[in-house]
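Taken in order, the sequence shown gives residues 65 to 155; the numbers are from the working numbering.
If you're looking for bench data, these hints aren't it; they were derived computationally from the structure.
Glycine residues also receive a C-beta, built at the ideal position from the N, C-alpha and C atoms.
Where hints are given, some of them may not hold.
As the list claims (entries may be wrong) - Estimated spans, in silico, between C-beta atoms of each pair: (1) F142 - M104: 14 to 24 Å; (2) T77 - F152: 24 to 34 Å; (3) K136 - D68: 18 to 28 Å; (4) R109 - V86: 12 to 22 Å; (5) I81 - M104: 20 to 30 Å; (6) R96 - D68: 41 to 51 Å; (7) S149 - H73: 18 to 28 Å; (8) D128 - A102: 36 to 46 Å; (9) D68 - G105: 36 to 46 Å; (10) E71 - R96: 33 to 43 Å; (11) M94 - S117: 34 to 44 Å; (12) V90 - K138: 18 to 28 Å; (13) M104 - N70: 32 to 42 Å.
Unchecked claim - Straight-line distance between alpha carbons at most 20 Å, and here's what the computed DMTMM-like set of lysine to aspartate or glutamate pairs gives: (14) K136 - E111; (15) K138 - E112; (16) K138 - D121; (17) K108 - D128; (18) K138 - E111; (19) K136 - D116; (20) K138 - D128; (21) K108 - D93; (22) K136 - E100; (23) K136 - D121.
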Amino acid sequence: MAEDTNEIHAINTAWQIAIQEVLRMVIRDMYRSGGEVAFMGHIKRIEEAAVDSIYTDLRLRGTDDWTNMLVKEKASNFVTTLLTSFTFDRA
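The whole structure should be built from the sequences, with the hints applied where relevant.
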């Protein structure tokens, strides 16, 4: 059982890293030209819109209220952690 848990953890971590790196490249390429202030403004706007969408639009079928809220909370925390990790690349 521990081996299955470790494999699931490794898959989840790998998935998060892959998504983070793809988003990092996309966001930097899209918003590099506007300068650091504009870049950080875009990041904040994306974060707020994503978290709002998670809480208002996300519907999980076949789950109880507790699971639904837990998934939304974890997803929102992931969005915030991910987007606040981005920095403006002056290059």
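Status of the hints after comparison with the structure:
Taken as a hint, the range 14 to 24 Å holds for the pair F142 and M104, whose Cβ atoms sit roughly 19 Å apart. Between T77 and F152 the CB atoms are about 26 Å apart, so this pair conforms to the stated range of 24 to 34 Å. Here the CB-CB span from K136 to D68 is close to 26 Å, well matched to the stated 18 to 28 Å. For R109 paired with V86, a C-beta distance near 19 Å keeps the hint of 12 to 22 Å intact.
Look at I81 against M104: about 23 Å separates their beta carbons, and that is inside 20 to 30 Å. Evaluation of the 41 to 51 Å hint for R96 and D68 yields a pass: the beta carbon distance comes to about 42 Å. In this structure the hint that S149 and H73 lie 18 to 28 Å apart at CB holds, the actual value being about 20 Å. Separation of D128 from A102 is about 42 Å and conforms to the stated range, judged on CB atoms against 36 to 46 Å.
Checking the proposed 36 to 46 Å range against D68 and G105 shows it holds: the Cβ atoms sit about 43 Å from each other. For the pair E71 and R96, the supplied restraint of 33 to 43 Å holds, since their beta-carbon distance comes to about 37 Å. A hinted range of 34 to 44 Å is violated for the C-beta pair M94 and S117, which are about 19 Å apart. Take V90 and K138: their Cβ atoms lie about 23 Å apart, and the range 18 to 28 Å holds.
Against the hinted window of 32 to 42 Å, the Cβ-Cβ separation of M104 and N70 comes to about 37 Å, which satisfies the hint. As the CA atoms of K136 and E111 are separated by approximately 14 Å, the hinted pair is consistent with the 20 Å bound. Distance check on the hinted pair: K138 and E112 sit about 15 Å apart at the alpha-carbon level, within 20 Å; holds. A threshold of 20 Å between alpha carbons decides the hint, and for K138 with D121 the separation of about 15 Å falls inside it, so the pair holds.
The suggested pairing of K108 with D128 is violated, with an alpha-carbon distance near 31 Å, which exceeds 20 Å. Simply put, K138 and E111 have alpha-carbon atoms about 14 Å apart, close enough for the 20 Å limit, and the pair holds. Using a Cα cut-off of 20 Å, the hinted pair K136 and D116 holds, with the two alpha carbons roughly 10 Å apart. With a CA separation close to 16 Å, the supplied pair K138 and D128 stays within the 20 Å bound.
Pair hint K108 plus D93 holds up; C-alpha atoms about 16 Å apart against a cutoff of 20 Å. Between K136 and E100 the CA atoms are separated by roughly 30 Å; this puts the pair beyond 20 Å, and the hint is violated. The straight-line distance between the Cα atoms of K136 and D121 is roughly 10 Å, inside the 20 Å bound, and the hint therefore holds.
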